[in-house]
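Given chain A, put chain B in place with the hints provided.
Taken in sequence, the protein lines are chains A and B.
full-length UniProt numbering applies: residue 1 is where the first sequence begins, and numbers increase by one.
full-length UniProt numbering applies: residue 1 is where the second sequence begins, and numbers increase by one.
Below, computed lysine-lysine pairings styled on DSS-like, alpha-carbon distance capped at 30 Å: (1) A:Lys624 / B:Lys128; (2) B:Lys345 / A:Lys386; (3) A:Lys612 / B:Lys124; (4) A:Lys607 / B:Lys128; (5) B:Lys128 / A:Lys612; (6) B:Lys124 / A:Lys65; (7) B:Lys101 / A:Lys65; (8) A:Lys386 / B:Lys342; (9) A:Lys611 / B:Lys124; (10) B:Lys124 / A:Lys386; (11) B:Lys124 / A:Lys85; (12) A:Lys95 / B:Lys128; (13) B:Lys124 / A:Lys624.
Honestly, the hints are just simulated from the structure, not real lab data.
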Amino acid sequence: MARPPRYCNATPCSSTRCIYLLVLLIGSLLSNHAIANPNEATWKADFEAHVLPLMKTHCLDCHRKDNAEGEFDIQQYADANTALKHIDSWERVVKRISLGEMPPEGNEPLQPDQKAKVQAWFDSRPKPNLCDELASEETQKWYRGTVMSRRLTRSEYRFAVEDLVGKVLPESISLPSDGSGGEGFDTNGDSLFLSPIHLEGYLRGADWAIQQLLAPDNSTEFVLANETSLDRDAANGIVERFARRAWRRPIAEDELERLMVLYDATLARAQDNSGSKQDHAAFQQAVAQPLKATLLSPNFLFVVERESDQGGVQRLTPHELAMRLALFIWSSIPDAELAALADSGENLDDVIVKAQVARMLSDPRASRLGENFGLQWLGLTDLQRKVQPDRELFPDFDPALVADMRQEAITFVSDIFQHDRRLLDLIDGDHVIVNPRLAAHYQLSQPDDSFPSSTDKTDASWQRLKVEDGRRGGVITLGAVLASTSHARRTSPVLRGQWILSEVLGSAVPPPPPNVPALEGVADDGKPRSLREQLEVHRDNPACASCHSRMDPLGFGLENFDTVGRWRTADGEFPIDASGQLPSGQTFSGPSELKKLIAQRDNDFRKHFVKKLLGFALGRSLNKFDDCVVTECLEQLKLHNDHAACLIETICLSHPFQHRFFKPPQPSE
Amino acid sequence: MTHQPIPTPDTPDRRRFLKGMGVSLALPWMHSALAPSARAAVDAAGGNAPIRSAFLYFPNGVWEKAWVPETQGPDYELTPSLQPIAPVRDDVLVLTGLDKKHSHGGDGHYAKTANFLTGMPVTKTTSKDISSGGISVDQMIAKHQAGQTPIPSLELATEPVVSGIDSNVGYTRLYGSYISWETPNRPVAKEMSPRIVYDRLFGHASKTSHEESESYTNLLDYVLEDAKRVRGRLGRDDQFKMDEYLDAVRAVERRIEHAAHHGGRDWEPSVDPVEIARRRPGVPNDFREHIDVMLDLMVLAFQTDSTRVASFMFANDVSGRNFSFLDGVAGGHHEMSHHENKEAKISQYQQITHWHVQQFARLLEKMKGIREGESTLLDNSMILFGSSISDGNRHDPDNLPILVGGRAGGKFNSGRHIAYKDVPLCNLYHSMLNASGIDVESFGDSTGPLTELS
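Bound conformation, chain A alone:
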């Protein structure tokens, strides 16, 4: 599966950054006055003469005053300047109009030429070129979505310890779970807290880790099995090697000395106890102490990015950049090669970063992109708790399948990057990655030899299988997604549709209004109705229709999948009708056609995905200046036939990834 390790062949300096550097060089010579747009006057006149009257005619009934639907009040917009100030709101409005979602069913629709007029008006809006302004004083705000000197997340801690000692941290060394913030990820510093029980967990973790490290069978580079000289020099060497890796930087002499004080104290006591000077047990006990301290120190537990005295925008040091690369791609700390690179004193320029990204993506640790970024993006972090099909209705459901589904989701997402596939494979990919148990669950027809060692049903061997009929493939039809968007006893086309809108297309779905009317399972005439028929009531009520006409049809397209993700053609007595019509008027039938339609909104998907990935990488909320990176990512994707690894590279080369903003420091106490 080896590919040439080269993803984007763009110039080493990508266009956004070139502009940035240029502007930086010229510095204050350039004024940051925007050049007056000659079309701005036309645009404004257009708004007042055409767009506003049109909106007033068609939309004012619902979008007025305090209780305006969707917090969009047309009366607020007396002139074009106000519209320009709230152009983000108008972006949403225009998108929903063009998708046919607004005005909702039951109202007088906009004619195609009217829609086109609104769209053309929006497209010709004055666009401040933020990317060109990056170097101005004002735009230091860019970094005020500050990346914090945060602690490691729980997953990062586990992976870092695993990479240091070569063994997986057992479940019993449990640490408290983390919440999320920013763009919805645990890497967001603002939402990471630290309580005493964290520290108690770190104590347990350090105890366990150092035990592994000093075990006779340990194969890491830190402790040499044939260490024969049990003296202070040997201890010194072990502690320095270990601390250097764990702390991601060279260890200063006084730091090492402080660590060795722990060694000395413990050794003296141990020798007192054993009465011997050459005691292996005493040496081990003594060297364990500074090693534990290394893992308890904030130098290990925190992502510390130190600042210069003057503050301001500052390029990360090579060691800090190496750490960000490792956190992003491996959810862990830099390995020996990255560490050596950073130590070499060389600037980590674009060529080096690219080579490292390629190397890191080809390393098995890159699967953590799926486990950490992927599961959080797809909302599958707590799958075991979410997927609890009713035992009465699903007596045969094997709970081990939930773990398989989780693994499938992880592997499918990380594989996109690790093997540099098309990003759009996440939507309409023609393959699945399954183990024998899942393959059976999904009733996949498979060549007999696809699982070489599949005699054992629980075998963990995972295979990539091609799917010819388009039913499976892509994230939307992952078992984990289908099952976690179902209720215990039935599927939920609403939840599935909402999931597609918010996680795949990045489209907001407001919560239902209070006192929503009931879904009746039985009609007035006493005849039972199918779930689909029950949901049709959403169409009859305009208050429901505006959202449900977007969600429900998407969900109907997946009705061939039952609560636990199996294929079905009937739901009880009712045959499945998997056809649907989107607000745009487009129709489809079944998951394969549905995915094709969603793939037509590929730009929405790509943009949403890139924002998620960038938010995960930066560990903060994005702001409008980050759109420069988003745009750059989308351009690179286009240039490279949608190959996904390009995104990782572009983000790692981007300005916000390699810089940070510091407020001037406070004098320390």
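Structure of chain B alone, referenced to chain A:
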């Protein structure tokens, strides 16, 4: 409540203390309940027993018509949802009509849960400036009682923090997962593992070495120094994150010191160490067992005076936990709470509420069975049980379902239903603070204590 001064980290006395004490183990603290010196003094002086307080949260509200009793006073009739408290009704205060006015805006859940115990406005954010508006009442009590027990407070749960943000309403979902807030900006992490809670309280009884304890102290001293150095190099915005770390290290140090310092307590519990060893929990099979064992550990912690404050979340807000193990229930909690005024859903919703009240009643019965001199553990406690919304379909933060078990050492006159109207929930917290011996001008949005409780 005086006690001997604890040697500060730098005095040589401290080392001597630690050396002399035989603390544990794999974890560096051990509760006095297992130490011979404590057992010698166990002759329960029930009269001095301290007041324990617990705050139990359950998600998704209740069906009010089956909750609120029609009449007030001691002779109120138990409503269907309150039936389970029948055996302990004389020990329970049923409080209705309490309101959380700072939760009327915001959204249906997140802006109502994070401030369940603070009563103050929750900041609408997915990222910066996360805030519950104030310190929570449990943490306030814990702070005032610091140093009197090995652990200042226990924060227990059976579900991990909900990940993700709700971009539709503009809140981070972690707001629905925390009720204990050490400061407005710092939620207290919850412990989910029964085994770890047990080990925190009682350590491993197997091996004992004062050297291990000393080695932990050395380690903590070392990292404290490290943290101070790192902090000095950080920007202003980042320093407060390092402060959390510093506080956590100091908290663990204090626990080790406390273990070294048996002498000056004004009250010693009476617990059989064999009984404690017997109750070391395993891994629970399902959430019912999990809840059971967590509440049991809470009782054990109170009984041994390992802590006097606890909070417990039956589940996170919006929990969709499946309750189909109850006869006639076929679905998740949150789904049923959106009953849409449908009979079928309401009855299932009620059953789920009924189950939660049952767990509360069992807890009280257990505590009532534990004698402390002339009184019982329950007599010396105040156990709040409630939700942060009233009706699950409407999400209203008024007329909250609130029960208080126990007599707070005789300060509460239990066994009654008191109906309030638009009175701040924080007035109850104000009363509970007072009952804990803490004088405050006000707490949260309180306008004074609930004088009717005594």
